[in-house]
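Top line first, the protein sequences correspond to chains A and B. Numbered according to my numbering, the first sequence spans residues 1 to 379. Numbered according to my numbering, the second sequence spans residues 380 to 758.
Don't read these hints as lab results, they were simulated from the structure. Worth double-checking, as some hints may not be accurate.
According to the in silico footprint, chain A covers these stretches of chain B (three or more CB under 8 Å from chain A) [claimed, not checked]:
no.	region
1	554-562
2	571-579
3	588-600
4	607-615
5	631-643
Pair by pair, the computed Cβ-Cβ distance ranges are [what the hints assert, rightly or not]:
no.	chain 1	residue 1	chain 2	residue 2	range
6	B	Pro457	A	Ala262	50 to 58 Å
7	A	Ala201	B	Ala678	57 to 65 Å
8	B	Arg699	A	Gly362	25 to 33 Å
9	B	Pro457	A	Arg212	50 to 58 Å
10	B	Gly737	A	Ala262	39 to 47 Å
11	B	Ala640	A	Glu260	28 to 36 Å
Each residue gets a CB set at the ideal place from its N, CA and C atoms; glycine is no exception.
So the chains spell out like this:
Number of protein chains: 2
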Amino acid sequence: MFSIPATPATRIYQDERPFRFKRGGELPGLTLAYETWGELNADRSNAVLLFTGLSPSAHAASSADDPEDGWWEYMIGPGSAIDTDRYFVLCVNSLGSCMGSVGPASDNPATGKPWRLDFPALSIEDIAASTQRVVEHLGIGRLCAVMGPSMGGMSALAWLKQNPEGARHFLSISSAPRAEPFSIAIRSLQRELIASDPDFADGQYTDETWPRFGMRMARKLGMISYRSAVEWQDRFGRDQQSLYPKQPFTMNFEVESYLEAAAERFIGAFDPCSYLYLSQSMDGFDASENHADLAGALADVRLDSALVIGVDTDLLFPPRQQGEIARTLTAMGVETRLEMLPSPQGHDAFLVDFRNFGSVVGGYFRSIARTIDNGEFAA
Amino acid sequence: MFSIPATPATRIYQDERPFRFKRGGELPGLTLAYETWGELNADRSNAVLLFTGLSPSAHAASSADDPEDGWWEYMIGPGSAIDTDRYFVLCVNSLGSCMGSVGPASDNPATGKPWRLDFPALSIEDIAASTQRVVEHLGIGRLCAVMGPSMGGMSALAWLKQNPEGARHFLSISSAPRAEPFSIAIRSLQRELIASDPDFADGQYTDETWPRFGMRMARKLGMISYRSAVEWQDRFGRDQQSLYPKQPFTMNFEVESYLEAAAERFIGAFDPCSYLYLSQSMDGFDASENHADLAGALADVRLDSALVIGVDTDLLFPPRQQGEIARTLTAMGVETRLEMLPSPQGHDAFLVDFRNFGSVVGGYFRSIARTIDNGEFAA
Numbered sequence: 001m002f003s004i005p006a007t008p009a010t011r012i013y014q015d016e017r018p019f020r021f022k023r024g025g026e027l028p029g030l031t032l033a034y035e036t037w038g039e040l041n042a043d044r045s046n047a048v049l050l051f052t053g054l055s056p057s058a059h060a061a062s063s064a065d066d067p068e069d070g071w072w073e074y075m076i077g078p079g080s081a082i083d084t085d086r087y088f089v090l091c092v093n094s095l096g097s098c099m100g101s102v103g104p105a106s107d108n109p110a111t112g113k114p115w116r117l118d119f120p121a122l123s124i125e126d127i128a129a130s131t132q133r134v135v136e137h138l139g140i141g142r143l144c145a146v147m148g149p150s151m152g153g154m155s156a157l158a159w160l161k162q163n164p165e166g167a168r169h170f171l172s173i174s175s176a177p178r179a180e181p182f183s184i185a186i187r188s189l190q191r192e193l194i195a196s197d198p199d200f201a202d203g204q205y206t207d208e209t210w211p212r213f214g215m216r217m218a219r220k221l222g223m224i225s226y227r228s229a230v231e232w233q234d235r236f237g238r239d240q241q242s243l244y245p246k247q248p249f250t251m252n253f254e255v256e257s258y259l260e261a262a263a264e265r266f267i268g269a270f271d272p273c274s275y276l277y278l279s280q281s282m283d284g285f286d287a288s289e290n291h292a293d294l295a296g297a298l299a300d301v302r303l304d305s306a307l308v309i310g311v312d313t314d315l316l317f318p319p320r321q322q323g324e325i326a327r328t329l330t331a332m333g334v335e336t337r338l339e340m341l342p343s344p345q346g347h348d349a350f351l352v353d354f355r356n357f358g359s360v361v362g363g364y365f366r367s368i369a370r371t372i373d374n375g376e377f378a379a
Numbered sequence: 380m381f382s383i384p385a386t387p388a389t390r391i392y393q394d395e396r397p398f399r400f401k402r403g404g405e406l407p408g409l410t411l412a413y414e415t416w417g418e419l420n421a422d423r424s425n426a427v428l429l430f431t432g433l434s435p436s437a438h439a440a441s442s443a444d445d446p447e448d449g450w451w452e453y454m455i456g457p458g459s460a461i462d463t464d465r466y467f468v469l470c471v472n473s474l475g476s477c478m479g480s481v482g483p484a485s486d487n488p489a490t491g492k493p494w495r496l497d498f499p500a501l502s503i504e505d506i507a508a509s510t511q512r513v514v515e516h517l518g519i520g521r522l523c524a525v526m527g528p529s530m531g532g533m534s535a536l537a538w539l540k541q542n543p544e545g546a547r548h549f550l551s552i553s554s555a556p557r558a559e560p561f562s563i564a565i566r567s568l569q570r571e572l573i574a575s576d577p578d579f580a581d582g583q584y585t586d587e588t589w590p591r592f593g594m595r596m597a598r599k600l601g602m603i604s605y606r607s608a609v610e611w612q613d614r615f616g617r618d619q620q621s622l623y624p625k626q627p628f629t630m631n632f633e634v635e636s637y638l639e640a641a642a643e644r645f646i647g648a649f650d651p652c653s654y655l656y657l658s659q660s661m662d663g664f665d666a667s668e669n670h671a672d673l674a675g676a677l678a679d680v681r682l683d684s685a686l687v688i689g690v691d692t693d694l695l696f697p698p699r700q701q702g703e704i705a706r707t708l709t710a711m712g713v714e715t716r717l718e719m720l721p722s723p724q725g726h727d728a729f730l731v732d733f734r735n736f737g738s739v740v741g742g743y744f745r746s747i748a749r750t751i752d753n754g755e756f757a758a
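Just chain A, with the same shape it has in the complex (with noise of 0.2 Å):
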């Protein structure tokens, strides 16, 4: 079994009740990780459930079990965009993710083998639903916020249909409420660099046959669609490293080490199958499924107020996705700010740029924290 080793702050939730998936399939039981930042406050109001993108694991910020950053550093933590003074924060790693959660990197039990292309076809509302049972376990009913940034945002969405008086409070960040087919595009063509790789062998690859182009391909075709052109251009313009050798394919851009580099990184710390499934998931993903629009989807939704963010050079969640979830919230009568954010780098900004997003989630989460019921809390 592939998993990146649980950190010291991990906790594993172990579920034996059956989980069945929305497309078919089922799991006996779900094992999932999960973190936490902050104390549940004595009513518990004030938790603020987040959801990942594709590739992160459980560890969003660094605590005192675990004093590695995470991937939202931040974002959270004490006296951070989101206070841990004030709010009580959970991730989970995602169903079908290999960072401690169950998933196709995981043994299947009846054969003591990894499940891989055996494992149920994954959804967006899998992943929402089975998280839903790591709130039920810590005791939460209605949660402060639920909030997710990528598939994290499309997971949030899934969340809400599934529990629509479950949150005061929504926070879509570099999302969208489906799935577009320039994004598929990319994503296909990503799944298809991997499972075309002869070392992919159908699933059946081995530490030592490691499907390692593919997924540098996949990685480096990623980083050119999470960012944009205009960082790129002030960042490496057209700097070189070696110009012009014989064969016309070689590396000659920093821009071109750079992917390199990124990709390398990435091909030992990411399960080639949990991947394909967590991709597939969000090609998968159209919150206004059997419904006329969005607005229809969502109708039995109650929140308080709504915070939808995007970054006006994201190519694969596009304003024009921020701009159909801030419309329909509003006209639904939530409370909703939608904040376009300048930021040159794309899709990546909510993980980088961290003064406007940082800001923007800052103000939004003290402006909420009057909605915390408790003495202790209160603004």
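Keeping the supplied structure of chain A fixed, place chain B upon it in accordance with the hints.
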């Protein structure tokens, strides 16, 4: 030797003088395929030189000799935007390509086998300089206009630097004064996909061992970068073929079939080494090289007017780069029009958005018709 069969209207120019490449290496002579439309007028003042993008042949439009549609059929012809009743149009298959002109797919006379990776490194400046030999061969002095879309606009800029008083008018269409890292990254990944295909075999592929996988993946990535999210959302939405087959990486969405079909058509139609060389030549292009800026590089250029067209959804040649060309020419005192078109088709819009492009280019050519100093063609 791989070469697309010459079409009936294709003419071959043989130049027996050696040709030195900018970055080293030379050929003992040049073979260049070209086509023309319309008639050169008495004082040879109505010639329009059209440079192509990466993959097109010299067959830009149909004619009596070849009724088959060309790659810019709507743009060129009697009464069309580039009106061949007024103008004499010349289009040359780029040096390095595989559609009649000499390139890596041509036989190396020294070995009797294709050049492949032994072909000299290609630059945009080489394409411009070799093309000028055809212009001179046809007895054309100062051109009425030099123009090109995409890579062709780069070649036209390089040609202007080599022939600063060589044209009265200049049209840059969805092009750029230099390759920026975002476009470099995409092209670099395409080249890596081709060159890493085991069937590429360091350029020693045969008809039986063509690097089909690499070419298919490179073309799919190309298609993604050539179009736009907006167009595909309108065109494909979430239309599906077959929902959720067992394996998580097979084609589900209409957009995936579209890419597959487009890639399949391309595989046998372009030589892999030609693709690598032409792609690399774009990355290597910087009209400002050895100058402080573009204005310095173009200081000697004399033009009566210029038209710069861009598309706001173009990912590869973004509006910012069109702006740089237009601003520079304006500052030089050239009467310059910058048209930023709202086409949804991204970089490929010039090929398909005949309404917007035909109207702007046609209007420009009508407005400069007065510069054709000939009774027959006077406005």
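Legend entry - Residues of the region 631-643 of chain B with Cβ under 8 Å from chain A, three needed, outcome: holds (count 6)
Inset, instruction - Could you say whether the range 25 to 33 Å given as a hint is met by the Cβ separation of Arg699(B) and Gly362(A)? - result: holds (32 Å)
Inset, instruction - Count the residues of the region 607-615 of chain B whose CB lies closer than 8 Å to any CB of chain A, then report whether that count reaches three. - result: holds (count 7)
Inset, instruction - With respect to the beta-carbon atoms only, verify the hint that Pro457(B) and Arg212(A) lie 50 to 58 Å apart. - result: holds (56 Å)
Legend entry - Distance restraint evaluation - Gly737(B), Ala262(A), Cβ atoms, bounds 39 to 47 Å: holds (42 Å)
Legend entry - Coverage claim, chain A over the region 588-600 of chain B, checked by counting residues with Cβ within 8 Å (three needed): holds (count 4)
Legend entry - Three-residue Cβ test at 8 Å for the coverage of the region 554-562 of chain B by chain A: Result for this restraint: holds, n = 6.
Inset, instruction - Indicate whether the distance between the beta carbons of Ala201(A) and Ala678(B) respects the range 57 to 65 Å. - result: This hint holds: roughly 59 Å between Cβ atoms.
Legend entry - 28 to 36 Å as the expected CB spacing between Glu260(A) and Ala640(B), which holds or is violated: Taking Cβ atoms as reference, Ala640(B) and Glu260(A) lie about 31 Å apart, which means the hint holds.
Legend entry - Proximity test - 8 Å, beta-carbon atoms, the region 571-579 of chain B to chain A, at least three hits: Three-residue rule met by the region 571-579 of chain B, so holds; n is 5.
Inset, instruction - Take the C-beta atom of Pro457(B) and the C-beta atom of Ala262(A), compute their distance, and say whether it sits inside 50 to 58 Å. - result: holds (53 Å)
Every hint from the earlier list agrees with this structure, and none is contradicted.
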